[in-house]
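Visitor: Spelled out from the first residue to the last, the chains are:
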Amino acid sequence: EAQVTQNPRYLITVTGKKLTVTCSQNMNHEYMSWYRQDPGLGLRQIYYSMNVEVTDKGDVPEGYKVSRKEKRNFPLILESPSPNQTSLYFCASSLIGLAGGLPKETQYFGPGTRLLVL
Amino acid sequence: LAKTTQPISMDSYEGQEVNITCSHNNIATNDYITWYQQFPSQGPRFIIQGYKTKVTNEVASLFIPADRKSSTLSLPRVSLSDTAVYYCLVGENDYKLSFGAGTTVTVRA
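Residue numbers (the working numbering), protein chains in the order written: chain A, 168 to 285; chain B, 365 to 473.
There's no promise every hint is true.
Said to hold, decoys possible - List of simulated lysine-lysine pairs, BS3-like, C-alpha gap at most 30 Å:
1. A:Lys224 <-> B:Lys367
2. B:Lys433 <-> B:Lys367
3. A:Lys224 <-> B:Lys418
4. A:Lys232 <-> B:Lys367
Said to hold, decoys possible - Ranges of calculated distance between the beta carbons of each label pair, as one might list FRET restraints:
5. A:Val219 <-> B:Arg409: 24 to 30 Å
6. B:Asn421 <-> A:Thr189: 29 to 35 Å
7. B:Ser438 <-> A:Glu246: 44 to 50 Å
8. A:Glu246 <-> B:Lys418: 47 to 53 Å
9. A:Glu246 <-> B:Asn421: 24 to 30 Å
10. B:Pro371 <-> A:Ser234: 25 to 31 Å
11. B:Glu422 <-> A:Thr172: 51 to 57 Å
12. A:Asp205 <-> B:Val423: 26 to 32 Å
13. B:Ser405 <-> A:Lys185: 34 to 40 Å
14. A:Glu246 <-> B:Arg409: 27 to 33 Å
15. A:Pro228 <-> B:Ser387: 26 to 32 Å
16. B:Phe427 <-> A:Thr172: 34 to 40 Å
17. A:Met194 <-> B:Gln406: 31 to 37 Å
18. B:Gln380 <-> A:Pro228: 21 to 27 Å
Claimed, not checked - Covered stretches of chain A, as calculated for chain B (at least 3 residues, CB under 8 Å):
19. 202-209
20. 277-283
Derived by calculation from the structure, the hints in this document are not laboratory data.
By construction, the Cβ of each residue, glycine as well, lies at the ideal position given by its N, Cα and C atoms.
One chain only, chain A, in its complex shape (with noise of 0.2 Å):
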């Protein structure tokens, strides 16, 4: 089944400790990103990653850090976390779209992450 997953889904934890949030597609899929939900703000965009080894940052990037060594995984990485981080976290991923008015593609999304910063 094709699907992104996301571990843990929920997670408490304290000012500083640093803690990583596993992100899994098994799409072969080129584009993954990193989304932060907050009441009456939407979701925010942390991080995205083009392909293996290239990232570029979000709308909201600081206090995170990302990786992407492999195709399939793309971990976020709070090494401080603060309890304004506390928040609901999604994965997505898609095929990179083509170029010249092709139909664009959609982006596919975990199934979420709940934090707890106290």
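Keeping the supplied structure of chain A fixed, place chain B upon it in accordance with the hints.
Guide: Here is chain B on its own, set in the frame of chain A:
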């Protein structure tokens, strides 16, 4: 990226048609219009995408006027299970996106 504006919320009843209009005055020539649906505690999922005129699939229709400065997502004969948040996105591709707050559609019996 083109900024989008859509209503915060809409209420409807089962069996009615729901139309959500999204404004995107600064849409660029290469931009597509994409709508996603999100149920509580789930990731968004793609509904429909279009560039101009009308697009229809098994879930919804998307109407885009000639000037492309707005678009309307139409959900025919909604049911309780259509209660969700609907996001309008405009961009040349899906790579660097802002979903915004979306429109919360509540369908009542």
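Visitor: For the pair supplied as a hint, Lys224 (chain A) and Lys367 (chain B), confirm whether the alpha-carbon distance does not exceed 30 Å.
Guide: holds (19 Å)
Visitor: Regarding Gln380 (chain B) and Pro228 (chain A), is the given constraint of 21 to 27 Å on their beta-carbon distance met?
Guide: This hint is violated: roughly 42 Å between Cβ atoms.
Visitor: Taking beta carbons only, do three or more residues of the segment 202-209 of chain A come closer than 8 Å to chain B?
Guide: Coverage by chain B holds here, the residue count being 4 at a Cβ distance below 8 Å.
Visitor: Are three or more residues of the segment 277-283 of chain A within 8 Å, CB to CB, of chain B?
Guide: holds (count 3)
Visitor: May I ask you to test the hint 29 to 35 Å on the CB atoms belonging to Asn421 (chain B) and Thr189 (chain A)?
Guide: At 33 Å between Cβs, range holds.
Visitor: Holds or violated: are the alpha carbons of Lys232 (chain A) and Lys367 (chain B) at most 30 Å from each other?
Guide: holds (27 Å)
Visitor: Cβ-Cβ distance between Glu246 (chain A) and Lys418 (chain B): within 47 to 53 Å?
Guide: holds (48 Å)
Visitor: How does the Cβ-Cβ distance of Glu422 (chain B) and Thr172 (chain A) compare with 51 to 57 Å: does it lie in that range?
Guide: violated (27 Å)
Visitor: Determine whether the Cβ-Cβ distance between Ser405 (chain B) and Lys185 (chain A) falls within the hinted range of 34 to 40 Å.
Guide: violated (26 Å)
Visitor: Lying within 25 to 31 Å: is that true of the beta-carbon distance Pro371 (chain B) to Ser234 (chain A)?
Guide: violated (39 Å)
Visitor: Compare the distance between the alpha carbons of Lys433 (chain B) and Lys367 (chain B) with 30 Å, and conclude whether the hinted pair is satisfied.
Guide: holds (11 Å)
Visitor: Is the Cα-Cα distance between Lys224 (chain A) and Lys418 (chain B) 30 Å or less?
Guide: This hinted pair is violated, its Cα atoms lying about 34 Å apart.
The structure is inconsistent with the numbered hints 3, 9, 10, 11, 13, 17 and 18, although it conforms to all the rest.
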